[in-house]
Amino acid sequence: MFSRAYLEATEPILPLARDLIEKYGAQPLRRERENVVLALWLERPWGDNPIRDVKGRPLTISFPGWLSGGPGPDFKGARFSYDGGPAQTGDVEAHVRASDWTRHGHHLDPAYDNTRLHVTLYCDASHAPFTTSKGAPLIELELGVALAAQVHRLRGADPLPPPLTALKDRRQGRCGAAAGAIGLERALGILDAAADARARLKAQRRAEESQGVEPGEAWYRAIAQSLGLVAFKNQFAALARAAPLSKLRAAALLADQPRRALFMEAALFGVAGLMPSTVPDGGPEDEKHISALLQSWERVQGETGLAPAMGREDWRMAGTRPANFPMGRIAALAAFLARFADTDMAILFTRLVDTFPARDDRRARSAWLDGVAAMFEPAAEHYWARRYIFGGRRLARPRALAGPERAGLILVNAVIPLFLGEGQSQPEFEQKLRALYHALPPRGPSGAEEFFSKNYFNNLKLPRTEVRAARQEGMIQIYNDFCLPRAAACAQCPFAAYLEGLADSPDADNCPF
16 MFSRAYLEAT
26 EPILPLARDL
36 IEKYGAQPLR
46 RERENVVLAL
56 WLERPWGDNP
66 IRDVKGRPLT
76 ISFPGWLSGG
86 PGPDFKGARF
96 SYDGGPAQTG
106 DVEAHVRASD
116 WTRHGHHLDP
126 AYDNTRLHVT
136 LYCDASHAPF
146 TTSKGAPLIE
156 LELGVALAAQ
166 VHRLRGADPL
176 PPPLTALKDR
186 RQGRCGAAAG
196 AIGLERALGI
206 LDAAADARAR
216 LKAQRRAEES
226 QGVEPGEAWY
236 RAIAQSLGLV
246 AFKNQFAALA
256 RAAPLSKLRA
266 AALLADQPRR
276 ALFMEAALFG
286 VAGLMPSTVP
296 DGGPEDEKHI
306 SALLQSWERV
316 QGETGLAPAM
326 GREDWRMAGT
336 RPANFPMGRI
346 AALAAFLARF
356 ADTDMAILFT
366 RLVDTFPARD
376 DRRARSAWLD
386 GVAAMFEPAA
396 EHYWARRYIF
406 GGRRLARPRA
416 LAGPERAGLI
426 LVNAVIPLFL
436 GEGQSQPEFE
446 QKLRALYHAL
456 PPRGPSGAEE
466 FFSKNYFNNL
476 KLPRTEVRAA
486 RQEGMIQIYN
496 DFCLPRAAAC
506 AQCPFAAYLE
516 GLADSPDADN
526 CPF
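This note's numbering applies: residue 16 is where the sequence shown begins, and numbers increase by one.
Treat the hints with caution; some may be incorrect.
Stated by the list, open to error - Result set (BS3-like, lysine-lysine): computed pairs, CA atoms no more than 25 Å apart in a straight line:
#1 K149 with K70
#2 K262 with K248
#3 K248 with K149
If you're looking for bench data, these hints aren't it; they were derived computationally from the structure.
Model the full structure from these sequences, guided by the hints.
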């Protein structure tokens, strides 16, 4: 007999999907079907009633989370209680099929480690739990089953929200209306203040991390961690601790200046556990470069005592864009150390900050930032300029190992906080630091920045020219302080209340958080 399992499982959900198609006039593609899952989750047609996961355990949703709209999970900061347990907070990822979790590589991606709920239309895999990259199991919800008992109420409900592209109002919290009332200039001023606060907090953390550490070592560790960005910052921090600057300086003395970058690269790849064990059967460039690295690493181990301290399992690259793989960043760090390992880095960057163009000249400032990026580039075209991995396909065009955007992140995350954290900056120099901080161009936005921007500036037209790296930092600071911890209580958010107070009292200049 032909099975009715599919018809029975999809019966509750198909009328809802048809309503959306009829209302918005498009035959749903795969992504649009996923938008149906997002819309259902936002609407919560089950109301205050608990729903059951694929194991039959009850789940009560008090807040579905903020619709992210950026990289990572679809919803941030959902609030729920599970199987009679205490209230929990976690992220939510929505898919058409349960197997999409592993198909999309989320089980290997640290960006999804805070995910607790996996919401799908169809559970096409076994009920063995899907897990995060840290091995934490997910709570699986199959809406086609969870809504079966309420299908009649759903059919009579008001129309569901539109697909994701039209869910603009869902992104606006209470702060959006309040920011619109105070105007763009004051809204940007608050971002600038939050950006300054974030720089000071980073400075405090850098100062704490640097206690008992030789100054040059502290600079080296901060720069290495900044090269790791979000995906690999912890791994780069561990690498810098395992390959201290003192031993890298000793490795640099084993070679003349033209070969120093090779020895630095060999030392870093060897300690990171990413060095190939043999020369791959590739082209002549692969054979030449990897053979030289292996020979250099053998000598570095014998002369400096450096040894592998990490393994390939520490560098999970699933879900990471090839351009962000750690190999190119390690080569960039090697190029920097080949030039400056023996340099007083505080003096180096002091002189660099002193040369930042004081006049608002976009071309001159862009050239200055290009100069910072060049500190992390090999002197001539390098193996990694045309590779993402050892023995990988040769790129048609060379790429920058650092580039201006990454150079800006090193300034924001390492250089400026280190200077501020020393607590010895003269007022004039600190003024230069702040001018540099607020002049750096924007980088690609994170999910937190996109989320906050769409809320905060919902009623304001934000010119692209007013978006800068420091203001992106301000967005992240406010998001972390208020949006995540208070997501379920937007109506009581003190930040939104402060904005509303500014609108009512234009002279208010204190922030009573």
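Here is what the structure says about each hint:
With a C-alpha separation of about 22 Å, the suggested pair K149 and K70 falls inside the 25 Å cut-off, and the hint holds. Distance restraint check for K262 and K248: the Cα-Cα separation of roughly 21 Å lies within the 25 Å cut-off, and the hinted pair is therefore satisfied. Proposed proximity of K248 and K149 is supported: the alpha carbons are some 16 Å apart, at most 25 Å.
Of the numbered hints stated above, none is contradicted by the structure.
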